[in-house]
Amino acid sequence: MNANAQFLNEARVLEKKWASTKLLNGIEDRFTRSTTAVLLENQRLFNETATDTSDIAQFKRISIPLIRRIYPQLIANKVVSVQPLLGPTGLVYYLRFRYSSNKGATRGADNNSGFPTDDANSLQQLASGDANLDIYYSSDFVQNETSSTDAGGDVTSVFSPFEHTPIIAGTMTGTVYDGSTAVQTFTVSQAGTFTFTTVNSDTQLATAGTLDVTTGEMTLTWDGDPGANHVVVSYEYNMECNQDLPEINLVVESDDIVAKTRKLKATWSYEAQQDLRSQHNLDAEAELTAVLAQEINLEIDREVLTDLRNNAGTVSAWDYNTSLGDNIKEKYESLYIKIVEVSNIVHRKTLRGGCNWIVTSPEVASIFETATAGFAPSPSETFTSSLGIQYVGTVNNRWRLYKDPLFPSGQLLMGYKGDSYMDSGYFFCPYVPLTQTPVVLDPESFCPRKGLLTRYGKKLLREGSKFYARLSIANFII
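Numbering of the sequence shown is given in the working numbering, commencing with residue 1 and proceeding in unit increments.
Just so you know, these hints were derived from the structure itself, not from any lab. Small disclaimer: the values here were computed from a predicted structure and weren't measured. Among these hints, one or two may not hold up.
Straight-line distance between alpha carbons at most 27 angstroms, and here's what the computed DSSO-like set of lysine-lysine pairs gives [said to hold, decoys possible]:
no. : residue 1 : residue 2
1   : 338       : 78
2   : 450       : 265
3   : 263       : 16
4   : 263       : 78
Pairwise CB distance ranges, derived in the manner of DEER restraints [to be verified]:
no. : residue 1 : residue 2 : range
5   : 316       : 437       : 16 to 24 angstroms
6   : 341       : 234       : 25 to 33 angstroms
7   : 341       : 13        : 42 to 50 angstroms
8   : 303       : 160       : 53 to 61 angstroms
9   : 160       : 208       : 27 to 35 angstroms
10  : 16        : 266       : 16 to 24 angstroms
11  : 406       : 377       : 18 to 26 angstroms
Note that the Cβ used here is the ideal one computed from N, Cα and C, for glycine as well.
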């Protein structure tokens, strides 16, 4: 059993185990439930280890409900892939689609290749300099196949059969090269007639040609003795009853990841602890621990969003003053157009899909929230943290909109996250959700002190920057 299958099996077992505690109730997303179950189990193991190896229990039961309350609310669950670690080091898994056969000048690679000049094409499908894609790449079209080289010295050049046959009559076009010099371009008609167009008249020229569409053999007749020569051709071939078909492979790949540490500490007065207990029947340590846990996870949110914003592969801008429109409504409609444009750029780069979520500041979010059309507010799903990121609804039934009170006011972040936990460009991998130190009383100030620690890994993979876009918004009116 491979490591990925083993992880999924363990996650399913842990989900069943923790479901009996009711701590997973209310988590609707299936993978978020599994992730939370793994984190709860990690926390249980650390709690038991700390208690068993010391005369003083260093952990309180408060850790478990805190994890359930806070971790499902992380923005990472909504915008990137979350794959919990079972140890301090592990593997993160992601998908690639590979072609195992090449046709013409294109080379099979993965579906997240650069666009449009990268050699690594696959689902990219014949990406050319003018950004044209051939939807028949996986069927019957061959582009820029180079023939064998004829040694020259004779008025007739004979080339080895082309790779893909039978060739459909009337579909071949090509270029004749004398050495490395392009001499002529040509087309072959349905009847097999060659029509030449001269590109360079300083060398010998081809005057006629033959093409056997069944075997793929070609000859050229010259007006003199040429040097070493070859042709580069594009054509369509008949795939009916052809066993040499292109092949697409789905590959699950992995990369190493190491958990790092984030820490936070707090102090409070002994008097405040006594007053909270006597006047409000509250435990100061429990209240402060909850705030610390919330704050440390808000810092994780900040880190994830900052990584995405700084590494966004598509950067664009919209300015209220220069946008088209005669009034505020029309100008803000042009913002929708810009967002659609940026989303489509991400779709073209990834070939996985356009953006399906937006994170922005409350100021920019107000543009969408006050729109009379195109915005559907959410009546139910929100982030419970009053200090954190809030889900506010959908824009044009396409993008889930989140507003972050600490997000730069003039920026908007967009991205794509697939249905699979492996279909993303950025991966967040929590390991130890929450570790608490025992309360230590400072003998000089009589102030209790306490610290929290969490460990997690994060990584941008498979040219992940192409999955995200950053839009600067200037001079907007609230």
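Violations among the numbered hints: 3, 5, 9 and 10
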